[in-house]
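Following the hints, position chain Z against chain X.
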Amino acid sequence: MDTAIFENLRLELRRGSLILAVLAQLRTEHYGYALRKALESHGLAIDENTLYPLLRRLETQGLLMSHWREEDKRNKRFYRLSPQGEIVLYQLLNENEAMHTAIDRIMAPVPSPQTGPGTNPETGLEPEVLEPKEQLQ
Amino acid sequence: MTASQTQSPSKDLVARYLQAVGFWLPRGQKQDILAELSEDLRSQIEDRESDLGRAMTESEVSDLLKQRGRPIMVAAQFLPQRSLIGPALYPVYIFVLKIVALCYVIPWLLVWFGILLFHRTETAAHLSGEWHSLGTLWTVVFTQFGIITLVFAAIDRVSVKTPCVSDWDPRKLPKLKVETTTKRRVNAFAGLIFGIFGLLWLLAIPNYPFLIIGPAAYFLKGAPIWQTVYWPIVVLSIASIFEQLVILIRPQLTWFPPTFRIATTLLAAWIVNALLHTQTYVLPANQDVAGLAGILNICILICAGIWGVTLVVGLVIYIYKAFREIRRTSQPAAPHLA
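Those protein sequence lines, which keep their order, are chains X and Z.
Quick note: the first sequence uses this note's numbering, first residue 1, plus one each step.
Quick note: the second sequence uses this note's numbering, first residue 1, plus one each step.
Just so you know, the hints here were simulated from the structure itself, not pulled from any lab data.
Do not rely on the hints blindly, as some may be mistaken.
Chain Z side only, calculated, beta carbon under 10 Å to chain X, not exhaustive [to be verified]: (1) GLN29; (2) ASP32; (3) ILE33; (4) THR149.
In this text, a Cβ means the ideal position worked out from N, Cα and C, and glycines have one as well.
Same shape as in the complex, but just chain X (with noise of 0.2 Å):
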């Protein structure tokens, strides 16, 4: 039950962060295959069926072009960030910055300025403030 929950808030917040590593990505160009072994060699494996899906809805957006080209006697279809899509891409860039500051302020211990009657002796926390491995736990 546990897992499942876990899994389907991983997804969730995987699903944007996805994009903007497609986005970041394509700022060279690549074609499907090379795009998800570009991506995992970074640590970020992405499916086929997530991949495909999600550069047609971004191309249909305008945020990716694309084009069929021969290499090494096959077609490929590559794509590329379009100068819409780079705009975008510096712009999701910042909301994700801003958003892990805002999240590491929010996981930051907060010192006691006084030892209160509720105040940890140990950690000097008040209570409902817990270390960040404590709250993973």
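Here is chain Z on its own, set in the frame of chain X:
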């Protein structure tokens, strides 16, 4: 010799897989998507064969395809997301279905059950007729639900293009409902006063029948059925006064009124049942007013029928409210909005 017989079993498997995916794809994009998927599969197989240092077997290719998923699921990823009713309208759709269920299906079922219970028909023909009427209910219910679904699907298609979805004014929202204990007490006090007057009026009727039928009391008299139902009606009236008193003293017992009304509604249902079985409520003092008595009897019968239907609807509402209040009071209190 067919095309599949000329190529290796692995290639044949891939071609069959792509054909199966293509079956579900939109015609306009089919070739393009299949060409790209084919290229991806080919690259992956080549990579794997390069790692293995040999050609992949049919079984290995089969595993790889299985890992990619069923053809219909793969194709579905390329199709636009389709839902009959979108998330914006879905709560309204469910709300309408609940109203239909509450105002039509549940009363119908209760009436049907009541008829089954009170008539106690044991002949096969009667039972068959009642089961047939239940079958008719389901047909009507499914038709109603189907029509509602279609109407909402149509509204969903249209509303996406209309500005009414985003054009709304928060200032036009209904006022906050805050039912305070004071308000409950005021209502209970008013109910108590009216209840006492009602009881006095009821107790006076046997001696002063003109209080209920006016001047007609001189030439019409009550049928024996009133002797049967009079005291239950008085008990009902006293119960109503008791309920108002409890609310006045303990307005915070929100579960009490609906729970108590379930019992009083059942008593009222017994009275209605007795009235519906009689059909003679007033008797003429002489033959000259027999026609008038007949009309009055029909009017009272219709009123009893309407009362019966409202009791059934009321019973459903009280059961729902009692269940909701009991569940609410058993949970920790939520903070008030205002």
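**OP:** Could you check if GLN29(Z) really has its C-beta closer than 10 Å to a C-beta on chain X?
**Re:** 8 Å, holds
Original post:
Regarding the hint that ILE33(Z) lies at the interface with chain X, is the smallest CB-CB distance below 10 Å?
Top reply: 7 Å, holds
Subject >> THR149(Z) as chain X interface residue, shortest Cβ-Cβ below 10 Å >> reply: 27 Å, violated
Subject >> Given hint ASP32(Z) near chain X, where the shortest CB pair must fall under 10 Å >> reply: 8 Å, holds
In terms of the numbered hints stated before, the structure departs from hint 4 and from no other.
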